[in-house]
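Go ahead and model the full structure; you've got the sequences and the hints to work with.
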Amino acid sequence: MTDTTTLTETGAVEILDGRGWTRICDYAQLTPGRGVAALSAEGRQVAVFRDRSGAVYAVDNRDPFSGAYVLSRGILGSRAGVPTISSPMYQQVFDLRDGRCLDEETAPDGRPAVLRVWPVRIAPVTPR
Amino acid sequence: MTTEHRLRELVLVGHGMVGQRFLEAFTEQPGAAGWRITVLAEEPRAAYDRVHLTSWFSGTSAEELSLTPVGFLAEHGIDLRLSDPAVAIDRAARTVACASGTVLHYDALVLATGSYPFVPPVPGHDATGCHVYRTIEDVERIRAGAETDGTRIGVVVGGGLLGLEAAGALTALGLETHVVEFAPRLMAIQVDEGGGRLLRRKIEDLGVNVHTGAGTQAILTDEHGRVRAMRLSDGRELPADLVVFSAGVRPRDQLAQESGLPVGERGGIVVDERCRTRDPHVHAIGECALAVDGKVYGLVAPGYAMAETAARSIAGELLAEHRFTGADTSTKLKLLGVEVASFGDAHGTTEGAVDVLYSDSRSGVYKKLVIGGDGQLLGGVLVGDTESYGLLRPLAIGGKPLTTAPEQLVLPAGPAPASGPVALPDEAIVCSCHNVSKGEIRAAVADQGCATVPEVKKCTKAGTGCGSCVKLLGSIVAEELAAGGVTVDKGLCEHFGQTRSELYEVVQVAGITSFSELLDRYGRGGEGCELCKPAVASILAGLTGGHILDGEQGALQDTNDHFLANLQRNGSYSVVPRIPGGEITPQGLITIGEIARDHGLYTKITGGQRIDLFGATVDQLPHIWRRLVDAGFESGHAYGKSLRTVKSCVGQTWCRYGVQDSVGLAIELELRYRGLRSPHKIKAAVSGCARECAEAQGKDFGVIATSAGWNLYVGGNGGMTPRHADLLAADLDKETLLRTIDRFLMFYIRTAERLERTSVWLDRIEGGLEHLRQVVLEDSLGICAELDALMARHIARYQDEWAAVLADPDRLRRFTSFVNAPGAPDPTVTFVPERDQIRPARPDEDGRILAPALVAGPHLEVRSA
Ligand code: SRM
Ligand SMILES: Cc1cc2nc3c(=O)[nH]c(=O)nc-3n(C[C@H](O)[C@H](O)[C@H](O)COP(=O)(O)OP(=O)(O)OC[C@H]3O[C@@H](n4cnc5c(N)ncnc54)[C@H](O)[C@@H]3O)c2cc1C
Ligand code: SF4
Ligand code: FES
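Protein sequences, first through last, are from chains A and B.
Start counting the first sequence at 1; every next residue gets the next number (my numbering).
Start counting the second sequence at 1; every next residue gets the next number (my numbering).
It is worth saying that the hints were derived from the structure and are not from the lab.
Since this is a predicted model, take the numbers as computed values, not measurements.
From the structure, some residues in chain A lie toward chain B, with a derived Cβ separation under 10 Å:
#	residue
1	Gly33
2	Arg34
3	Val36
4	Leu39
5	Gly67
6	Ala68
7	Ser78
8	Gly81
9	Gln91
10	Glu105
11	Gly110
Beta-carbon label-pair distances, calculated as ranges:
#	chain 1	residue 1	chain 2	residue 2	range
12	A	Arg116	B	Val70	17 to 25 Å
13	B	Gly474	A	Gly20	46 to 54 Å
14	A	Ala80	B	Thr544	24 to 32 Å
15	B	Glu479	A	Gly81	27 to 35 Å
16	A	Gly54	B	Lys490	29 to 37 Å
Cβ coordinates follow ideal geometry from the N, Cα and C atoms, glycine included.
See the structure below:
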């Protein structure tokens, strides 16, 4: 979860992808309620979202139900207080905090329907 | 070794459908860990879905048919030996010899060798061009044979279930197809005479030639030993280039017989209720076994039940209910597009049974129910309409006297609703895949608190197999909820207690202009969701105007509206330019062709009289639109819940019969209502005369020309639940016609619920068509001036959504695959060639990223924030 006190429209969104914090984009580039796709330092596709309150989340961009890399294009929402993303392909809903699918436990390939989650933060922009 | 006990040896002979199910059931048994498993398979591949073998012809790959989950064998340490059949069993030594020469010791032996296709021993039966139909190798050979030059005519011997499937495959391969059946009717085992007659007509309508009451006497060959004709028992000679034998199957019981185990008179390894042969170390299951009820079952479900029994018999606990004493052979098939079902005592062989029959040869429906002496349902046959199978089969298995008159059950649904699933007794099995009764489903709702079908599925497993019981499941759940006094929340979703139409009123009266404002002031809090966000976005678009991607609005749209294009299965998009009324100039066609060619897109004519361009990535979209917009095209809103197309027929201008200019009116209507956001999509059509070539009565609104003006129809629908439109007004002049449609559309947009087409809406609103007529023609609610004003504003404010995005560098920003790597293509969106175009690569295919022939597109200014 994000520490909301650091939120500032001028920050940079960064994810922790194993080796260190990778810059994704300017915080201002994220539309509240929507996502973007980005590449992690290891070349994985990450879906990064910002909700109405300003919190940011980063999960796998691959939709386990269709195999397509489209989750960044889903609709952000909430279910009983849990922040969610719904897949644009077949509309399954995932918990953005732990990546777990709230509608079905397993994907068609038999694996658990859970998205990888990346720690994400908003860092003050350092002049480059 | 440190283990105390030696692992015991289990050898399974045959890795077919039942063999694999046995392995799954066995490895779940508590005692399974004490066994080492070796599987001997004759075929070169692991178990696959034989039942769906025919789908191989329509493109399902051998891999997709596989029944063996990845990693399953490794996880359980199973040693599967492909292409190494068992050749002999020594029961005294407890060993099996394999074709490779290996000899394996066993503590338990399971035979699951299935059956082989029976080929009548007529002269020429082994000529080149003769085939059987059981394995993947068989279908590969049939396809190769059909594709050989000079192969024109295919003959299938046998008119049973499999024979008809084979005939379907041959027809699909482009052969002139004949079916030769010895019995006087098709599918003699499943259907009775009346059903067989109707079935024959339906099969013949599909272009298959049927010869019943005819035996095969000889296969005649040419000088190279190739099939050239078939001689029938009535003396006729039927030319043939390819023959498929499908004259029944015989159990593969030879191994057992040679080792001294008893087999039945007509084949099949004799087993007891534990599926054990005479030798307690040997079990036999599936199509090779002769069950205690004296039957060899040629269906997969009884085989699965035997697999479960044998697994428990060897390594688990075998309770009375697990013993295999017989099985239900009800079947529901969809053959060559003809629906056939038979269940229970379909032939009425029970003492004292009587038939109740409904037959309508005009519509091609035949239904027969067999009723017992005490008024209980025993079985039946359905041809042409198997809708009621899900309800009738459990009733027949329940065996209780019927509470409804039997004729009610076969007559087409009349004006009064049928008595529904209440009539089902609690012990009736609703889901036969998982053996779940109606009582268990009711208990899941009443006692375990399941409130939705998905919850009931999760809790009972019902409906998670073939899926054919889901509809019945839904009505039982709904009924049980209602009986429990549960008031179903009518709100849009957890964020809004109001319905869509109530929210429309709120937005209008309170002058709300954003989703956040509506949620904060009238909602239940939270973030919103995929249900309420697009619904509210559509209401706001209609009432406040503005571009649908502006400000917060942009975040509410689903992906299609968000990218103004349609999402496809591999994450690429399709683009549909508007072609009003379906009219297009040669130059327009050429331009669309050039754009598709330059961007490497797949093109297809849609069912809505226009052209769809598929395979664009998000980065390509603006470049494609730029060229379309420059050539005078605009968005066709294929992505929106809004007006789609106004289809036209060519009409009076050219057609001999036309009485009005239908193309001209269709174009005018399409331009008038383009971009109108609505609760669901809206489709329309205009026909130039009563012959109705534009299918106007299947549309949300349809216009048919008369010599005196235009007839207006509303509430039509194609798709899943077709409905013919109702005549709202006749012989209108054009001005009245436009005004009436304006009001009809605006009244619908204002009062319909989320994703409610006009057809469903019209059936739901109180007073129905008559009420609608009073509102839009007589202004009974006094709202017509308001409706007119709303439509006038829509028409005045319309702007092309693509052009508006292109004109705004800010909006263009989102059309990039990766925010931190602009310009990099998405490597997961890949394609392969097919029929001279592209299609999305499947997961197991090595596709390529689309490289457009045109490298530098028009330059677009994109603002980076
Ligand atoms: C492209 C097209 C098939 C084709 O290759 O011909 C098509 C494609 C889709 N149809 Fe359709 N329909 C197409 C003509 C039709 C027609 C025929 C017609 O319009 O005359 C019908 C039956 C008529 C009707 O709607 O009453 C039709 C009835 C449906 C339905 C069922 C609607 C219903 O009320 O039962 C759906 C599902 C839905 O909307 O919920 C659907 C949904 C879809 C979706 C949106 C499915 C999806 O979510 O991907 C497809 C969009 C793919 C895309 O990228 O465009 N499509 N669809 C046709 C586009 C026509 C066009 O130019 O815009
Ligand atoms: C085209 C087609 C459509 C069908 N449609 C339906 C349907 O709609 N509904 C339905 O219920 N059923 C249907 N069936 C029947 C269904 O496929 C069988 O009931 C089911 O496959 C039986 O399973 P089994 O494991 O007993 O036999 P099989 O699946 O035939 O498996 C037996 C396996 O044992 C192997 N074997 C034999 N001898 C040896 C040996 N000595 N050593 C090693 N291996 C050996 C065989 O090569 C085979 O792989 C259909 C069958 C076909 C061919
Ligand atoms: S019928 Fe329509 S929705 Fe179904 S596959 Fe065809 S285009 Fe897609
Ligand atoms: S009958 Fe097949 S899933 Fe229920």
